[in-house]
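Peer 1: Residue numbers (full-length UniProt numbering), protein chains in the order written: chain D, 1 to 709; chain P, 1 to 100.
None of these hints come from the bench; they were simulated from the model. These numbers were taken from a predicted model, which means no experiment stands behind them. Idealized CB from N, CA, C, for every residue including glycine. Errors might be hidden in some of the hints.
[To be verified] Calculated lysine to any residue pairs in the SDA-like style (CA-CA distance at most 25 Å, straight line):
| no. | chain 1 | residue 1 | chain 2 | residue 2 |
| --- | --- | --- | --- | --- |
| 1 | D | Lys364 | P | Lys75 |
| 2 | P | Lys93 | D | Arg304 |
| 3 | D | Lys94 | D | Gly119 |
| 4 | P | Lys90 | D | Glu190 |
| 5 | D | Lys261 | P | Glu67 |
| 6 | D | Lys261 | P | Lys90 |
| 7 | P | Lys93 | P | Arg39 |
| 8 | D | Lys194 | P | Ala37 |
| 9 | P | Lys90 | D | Gly119 |
| 10 | D | Lys302 | D | Glu190 |
| 11 | P | Lys93 | D | Lys94 |
| 12 | D | Lys384 | P | Gly83 |
| 13 | P | Lys90 | D | Cys327 |
| 14 | P | Lys90 | D | Ala350 |
| 15 | P | Lys66 | D | Gly225 |
| 16 | P | Lys66 | D | Leu260 |
| 17 | P | Lys93 | D | Pro262 |
| 18 | D | Lys324 | P | Ala72 |
| 19 | P | Lys90 | D | Lys94 |
| 20 | D | Lys261 | P | Gly83 |
[What the hints assert, rightly or not] From the structure, some residues in chain D lie toward chain P, with a derived Cβ separation under 8 Å:
| no. | residue |
| --- | --- |
| 21 | His224 |
| 22 | Gly227 |
| 23 | Ala259 |
| 24 | Thr263 |
| 25 | Leu266 |
| 26 | Gly267 |
| 27 | Phe269 |
| 28 | Gly310 |
| 29 | Glu354 |
| 30 | Glu626 |
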Amino acid sequence: MNSVENTGIPGRVEELAAEVRGATILIVDDMAIMRQIIGRCLEQAGFTELFYAADGQDALDFIKETPPDLLILDLNMPRVTGYEVCRILQADPKTAGMPILVQSASETAEERVKVFSSGATDFVSKPINQPELLARVCMHLENKFLIKNLSDFQTRMQSELSMARDMQHSLLPDKESLDALEHISGMAFETHYKASFELGGDLWGGWALSDDEFGVFILDVSGHGVGAALNTFRLHATMTRFEMYRDDPASFLTCLNGALKPTFPLGHFVTMFYAVINHRTGDIVYAGAGAPRPMIVNTEGKVRLLDSAGTPVGILSRPGYENKTACLRAGETLICYSDVLLEAAGPDGAFLGEDGFVAEVESKAKAGKRETLLDRLLKSFYAKLPGELPDDLTALAIHRDQHSAISDDAVTGGVKGRVLVMTPDNSTLAEVVGVSQPVEFECLRVADTASLANEVHGDLPVVGFVTDAETARREGPAEICSTLGDAFIKAGGPIVLWADIDREPGLKQLQFDLNVSRIVSLGKGADALWAAVHAEADDYLLRLSAADAVGRRTAEIGDVDLASYRFRTREEAKNLATMLAGACAEPVPVALGLTELFVNAVEHGCLNIGHGEKGRLIEKGRLSEEIKYRRSLPAYADRYVTVEFRRTDTDILFRITDPGEGFDHQAFTGVEGGHTKKHGRGVTMAGGCFDEVTYMGRGNEVLARYRLR
Amino acid sequence: MEYRIKDSEDGAITATFTGDITFSENVAFRQLLKDLADRDITSCVFDLSAVDMVDSAGLGMFLIAKEQADTAGWKLSVSGAQGHVASMLKLTKLSDLLQS
């Protein structure tokens with residue numbers, strides 16, 4: 001490339017950038033000799049993509065097909081002049097940015113103005129001076145590529161920022177989960193989120209915790225831009241790790257702080273408010289980490305503030321979060337918001353502040369329906385602060401209904417699946433199933449094990465099996481169990497036996513052989529039968545979901561060798577079982593067994609619902625209601641199940657202690673054949689999942705050993 | 001935001017702020033921290049009596065200053081906060097951390 005090195009363009013680097021050298025240049029002149037001279041100059045400098053046109057029209061035709069990167073243009077040409085070419089190119093947005101160098105001989109100042117105003121970029125003097133020509137060509141090409149790169153970069157950054165905003169938006173609860181939250185809680189949610197032009201760090205969310213509690217948080221990651229957004233994602237991911245602590249706001253914040261403090265950059269933090277709300281009683285337990293103070297608006301429209309003061313998450317190693325309590329009474333509203341709402345101008349034009357915002361809320365509360373209070377507040381905010389927001393705006397209003405009632409669906413929990421009923425035509429069971437079937441199940445009747453085998457594998461999972469004693473004997477318990485499948489039996493799949501308790505001989509043996517979960521007496525009728533199926537299916541599905549979740553969560557218990565946990569609801573029991581089972585090589589059976597033990601500890605131990613009593617409640621369809629009722633009583637408020645997890649080189653030990661009265665465990669575990677007792681089944685099931693299950697104390701303490709192999 | 005530094009002979013200095021302390025002041029604030037690092041000081045008081053507003057980024061800057069003070073072995077405190085600034089410091093309990 002000698003020609004390149006020898007060119008010597010003044011003020012330029014010797015070697016032309018590849019991008020510039022590869023530029024397409026169109027040379028327009030009606031004199032062939034001029035085209036040649038200019039072309040040769042450029043060729044010598046290393047330009048290769050040179051094209052020629054003999055007049056203005058020729059040039060325009062060429063440009064229409066393939067717009068070049070730069071144009072060198074003569075002014076006086078036949079057909080279409082250079083001026084005309086400039087004007088046409090300038091008028092078309094597609095070509096308006098194309099640099100045009102006009103060859104000039106000796107135009108006057110007026111003429112030069114005329115050339116520039118028609119759209120030329122620069123002049124090159126005539127006769128052609130090679131260094132000058134090259135210097136100008138290179139400069140304009142470099143400018144063009146620089147501008148193009150910048151605008152490409154800007155376009156890309158804009159699209160990436162907008163993608164990041166969308167991603168951040170996707171962290172917020174979607175309509176489906178919001179609907180579910182409203183449905184479970186029976187409260188109306190008004191929510192609003194608007195990202196600032198720069199990325200911000202706001203987030204809110206909520207989740208159902210137990211039958212009558214849900215959790216809701218709002219937070220603001222400090223700062224703006226990509227950094228704040230990344231920290232928001234990090235925080236969101238961290239939150240899912242501490243699902244176990246969601247029922248205790250102070251512990252939840254402490255866990256988040258512990259995880260984030262070491263990784264958060266200095267000067268960055270998260271202000272946050274997290275509350276657990278009991279939608280039946282309106283009781284709120286909450287903890288604050290410096291979020292703007294949430295408000296409760298009473299039925300009169302008066303505001304009381306919650307104390308959300310606390311060190312923001314990510315600053316101190318021991319932030320000392322505390323739980324505080326409040327109550328959201330019927331007809332009241334809880335409002336949580338990000339601080340940008342306080343930045344709107346007040347009536348006097350000054351910064352609104354908390355006092356101003358409280359006054360605003362109180363006046364708007366009385367100015368219309370309560371369910372649209374947030375909407376009114378936001379309309380007034382946006383009217384005062386038009387344009388781009390200085391920071392993300394998040395606001396959330398939770399309206400507790402005047403006549404707060406528990407939704408019925410929350411009680412039954414929406415069981416989905418198939419129930420298979422095995423009984424011949426004309427039996428009493430067939431008659432019962434014929435007239436009454438629960439809507440939550442797809443119910444299917446088969447006559448014998450042969451047809452049962454055909455139905456066991458379907459689209460919907462089998463969540464229950466019902467048969468009568470006569471059919472069970474005829475088909476054989478072992479045959480039935482093997483047809484239902486090992487997985488169903490091992491996970492304690494619900495098997496409900498319809499039998500005449502008083503007249504049936506050897507019922508207990510049959511119950512044992514068939515792994516029966518519950519016997520329903522003939523005289524109790526269809527409601528009792530379906531209630532039993534319901535309750536058993538609920539427990540079964542809880543165990544299955546624990547087993548199902550275990551695969552995804554094995555990492556969490558990773559480094560822990562000794563820990564203790566406590567809980568008091570079925571949902572928490574499931575979550576903990578899932579997490580702890582992750583430590584075992586075969587987590588699925590362990591999750592099943594732990595869930596069974598934990599749920600027993602909750603129902604019998606914490607809530608003092610005895611086995612016989614549970615059966616009676618199930619038959620009346622009142623179990624969920626009773627659980628809710630007992631949990632609301634002060635006497636049961638502080639009753640927790642504690643679990644000690646201990647891992648050695650050879651074993652994992654779970655010690656589960658409940659505050660209950662225990663039971664006569666020796667009757668179930670001591671003697672051979674003890675299983676035939678009605679409620680020995682749970683004990684047996686747990687026994688099958690662990691290497692050793694030992695009941696201690698008065699039966700309220702159980703030690704389950706899992707050997708590491 | 002603007003700031004003015006008043007020295008004293010015993011190395012106890014006062015930095016007086018005026019205007020809002022927000023995200024957009026982060027360059028000016030870093031300059032202040034650099035100024036402080038270049039001096040031999042025993043304590044520094046941030047006088048916030050003429051500050052109307054502080055946002056989360058502003059609070060973050062106080063934390064960075066606090067870290068610098070702890071590392072370099074001088075004492076940092078804030079004084080004179082009022083209105084919104086005072087409530088922000090109280091809400092986030094940074095008033096405890098930056099006690100005068």
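Peer 1: Each hint: holds or not?
Peer 2: Structure-based check of all given hints:
Straight-line distance between C-alpha atoms of Lys364 of chain D and Lys75 of chain P comes to about 46 Å, which puts the hinted pair past the 25 Å bound. Among the hinted pairs, Lys93 of chain P with Arg304 of chain D is consistent with the structure: their alpha-carbon atoms are about 21 Å apart, no more than 25 Å. For the proposed pair Lys94 of chain D and Gly119 of chain D, the alpha carbon gap of about 14 Å is at most 25 Å, so the pair holds. Distance restraint check for Lys90 of chain P and Glu190 of chain D: the Cα-Cα separation of roughly 29 Å exceeds the 25 Å cut-off, and the hinted pair is therefore not satisfied.
Among the hinted pairs, Lys261 of chain D with Glu67 of chain P is consistent with the structure: their alpha-carbon atoms are about 14 Å apart, no more than 25 Å. A distance of roughly 21 Å separates the Cα atoms of Lys261 of chain D and Lys90 of chain P; the hinted pair therefore holds under the 25 Å criterion. Our distance criterion of 25 Å between C-alpha atoms is broken by Lys93 of chain P and Arg39 of chain P, whose separation comes to about 29 Å. Among the hinted pairs, Lys194 of chain D with Ala37 of chain P is inconsistent with the structure: their alpha-carbon atoms are about 40 Å apart, more than 25 Å.
Only pairs whose Cα atoms come within 25 Å are accepted, and Lys90 of chain P paired with Gly119 of chain D is rejected, the gap being roughly 62 Å. For a cut-off of 25 Å, the pair hint linking Lys302 of chain D to Glu190 of chain D stands: about 19 Å separates their Cα positions. The hinted pair formed by Lys93 of chain P and Lys94 of chain D fails the criterion: a straight-line CA distance of about 58 Å is larger than 25 Å. Taking the CA atoms of Lys384 of chain D and Gly83 of chain P, the gap is near 21 Å; set against the 25 Å cutoff, the hint holds.
Among the hinted pairs, Lys90 of chain P with Cys327 of chain D is consistent with the structure: their alpha-carbon atoms are about 24 Å apart, no more than 25 Å. Only pairs whose Cα atoms come within 25 Å are accepted, and Lys90 of chain P paired with Ala350 of chain D is accepted, the gap being roughly 21 Å. The hinted pair formed by Lys66 of chain P and Gly225 of chain D meets the criterion: a straight-line CA distance of about 24 Å does not exceed 25 Å. Among the hinted pairs, Lys66 of chain P with Leu260 of chain D is consistent with the structure: their alpha-carbon atoms are about 19 Å apart, no more than 25 Å.
A distance of roughly 20 Å separates the Cα atoms of Lys93 of chain P and Pro262 of chain D; the hinted pair therefore holds under the 25 Å criterion. Taken as a hint, the Lys324 of chain D and Ala72 of chain P pair is broken in the structure, with Cα atoms around 38 Å apart against an allowance of 25 Å. For the proposed pair Lys90 of chain P and Lys94 of chain D, the alpha carbon gap of about 58 Å is over 25 Å, so the pair is violated. At roughly 29 Å between alpha-carbon atoms, Lys261 of chain D and Gly83 of chain P are farther apart than 25 Å, so this suggested pair is violated.
Because the closest C-beta pair between His224 of chain D and chain P is about 5 Å apart, less than 8 Å, the hint holds. This hint is violated: Gly227 of chain D has a C-beta 11 Å from the nearest C-beta of chain P, more than the 8 Å allowed. With its C-beta approaching chain P no nearer than about 19 Å, Ala259 of chain D sits outside the 8 Å limit, and its interface hint is violated. This hint is violated: Thr263 of chain D has a C-beta 15 Å from the nearest C-beta of chain P, more than the 8 Å allowed.
At a threshold of 8 Å, the smallest CB-CB gap from Leu266 of chain D to chain P is about 6 Å, leaving the interface hint in force. At its closest, the beta carbon of Gly267 of chain D sits 4 Å from a beta carbon of chain P; the interface hint therefore holds under the 8 Å criterion. Below 8 Å, beta-carbon pairs count as interface contacts, and Phe269 of chain D has one with chain P at about 7 Å; its hint therefore holds. About 6 Å separates the beta-carbon of Gly310 of chain D from the nearest beta-carbon of chain P, less than 8 Å, and the hint is met.
At its closest, the beta carbon of Glu354 of chain D sits 6 Å from a beta carbon of chain P; the interface hint therefore holds under the 8 Å criterion. Taking 8 Å as the C-beta contact cut-off toward chain P, the hint placing Glu626 of chain D at the interface is violated, the least distance being around 43 Å.
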